[in-house]
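**Student:** Sequence:
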Amino acid sequence: MINATTLGNKVINVYVIRMTSHSRNIMLNLVIAEAALETIPRSIKYHPAIIKDATKRGKESKEILLDRSYHHKAMEKIDNSWKRGRPDIAHFCLLEALGSPLNKENNLTTFLHSITDLVFDFDPSIRLPRNYVRFKGLIEQAIKLGKVPPNGKSLISVTERSIEELVEDVKPTFTIALSTLGKKENIEEVAATLNSEEKPLILIGGFPSGHFSKKVESLVDEAFCIYPETLDAGLVTGRILHEYEKANNLWDLTS
Numbered sequence: 035m036i037n038a039t040t041l042g043n044k045v046i047n048v049y050v051i052r053m054t055s056h057s058r059n060i061m062l063n064l065v066i067a068e069a070a071l072e073t074i075p076r077s078i079k080y081h082p083a084i085i086k087d088a089t090k091r092g093k094e095s096k097e098i099l100l101d102r103s104y105h106h107k108a109m110e111k112i113d114n115s116w117k118r119g120r121p122d123i124a125h126f127c128l129l130e131a132l133g134s135p136l137n138k139e140n141n142l143t144t145f146l147h148s149i150t151d152l153v154f155d156f157d158p159s160i161r162l163p164r165n166y167v168r169f170k171g172l173i174e175q176a177i178k179l180g181k182v183p184p185n186g187k188s189l190i191s192v193t194e195r196s197i198e199e200l201v202e203d204v205k206p207t208f209t210i211a212l213s214t215l216g217k218k219e220n221i222e223e224v225a226a227t228l229n230s231e232e233k234p235l236i237l238i239g240g241f242p243s244g245h246f247s248k249k250v251e252s253l254v255d256e257a258f259c260i261y262p263e264t265l266d267a268g269l270v271t272g273r274i275l276h277e278y279e280k281a282n283n284l285w286d287l288t289s
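The sequence shown lines up with residues 35 to 289 when you count with my numbering.
Hint data in this document are derived by calculation from the structure and do not stem from the laboratory. Treat the hints with care, as some may be off.
In silico lysine to any residue, SDA-like type, Cα no more than 25 Å apart, as pairs [what the hints assert, rightly or not]:
1. K218 / L189
2. K93 / N165
3. K86 / E72
4. K117 / M61
5. K233 / C259
6. K117 / P242
7. K217 / N165
Put together the whole structure using the sequences plus the hints.
**Tutor:** Shown next as structure tokens:
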């Protein structure tokens, strides 16, 4: 829709994007699965790099997030280090999801499942900090207290749940995972598949490299590959949500 307004003697066209009404209630469930987001493992909490970072931030070692940017040396001593210590990936994915029109219309439920089996449930109204340091502080507070804010309406709640328990709680009619090991398919067709379901669930990996674990794979009805090479999880999150919005005709620029 185009509205005309004036500024001085100039006429300015203001392009207004609005959401259309839906013929049905749509709801997509999104899980950022096995996310590389966790607090410092006990086995390395006394490593000099960990102590230095925690002291600088005025926190105990056990309270801060494992972050390869600061804890690379310490992470050499933990299992599966290549799949851990990247909370920035979760940050990018969540910014895409929670800032999407689908979420703003309350048609998206967003969960983050961590590699240590913590599940974060985000209220659609939350506005995550775009600053990464502030994001880490917010997540650390949520893990410590179990929710944020500590009083009143919870914007982030944290529970100990496995990925199997989370999927069981969601009770999806169809579960899709995006993986380079999946069936090659156009992203538009993947969105159409999601759109054909009453209560779809999509899993996107929140880790830097590798593939979903066998337990995640066992929960999936269909895995799709939308690009032959590995893509950033944040980019994939934004693209699939946009295609789902298009499949549901959420955008109307003509009326």
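**Student:** Below or equal to 25 Å on CA atoms is what counts here, so check K233 against C259.
**Tutor:** holds, 21 Å
**Student:** With the threshold set at 25 Å, check whether the alpha-carbon distance from K217 to N165 stays at or below it.
**Tutor:** Violated. K217 to N165 sits at ~36 Å, over the 25 Å cutoff.
**Student:** Please work out if K218 and L189 have their alpha carbons no farther apart than 25 Å.
**Tutor:** The hint is violated at about 37 Å.
**Student:** Verify the proposed pairing of K117 with M61, using a straight-line Cα cut of 25 Å.
**Tutor:** Cα-Cα ~30 Å, so violated.
**Student:** Are K93 and N165 close enough, with their CA atoms no more than 25 Å apart?
**Tutor:** holds, 19 Å
**Student:** Can you confirm whether the C-alpha distance between K86 and E72 stays at or below 25 Å?
**Tutor:** This hinted pair holds, its Cα atoms lying about 18 Å apart.
**Student:** Quick one, are K117 and P242 close enough, alpha carbons at most 25 Å?
**Tutor:** holds, 6 Å
Hints 1, 4, 7, counting from the list given before, are not met by this structure.
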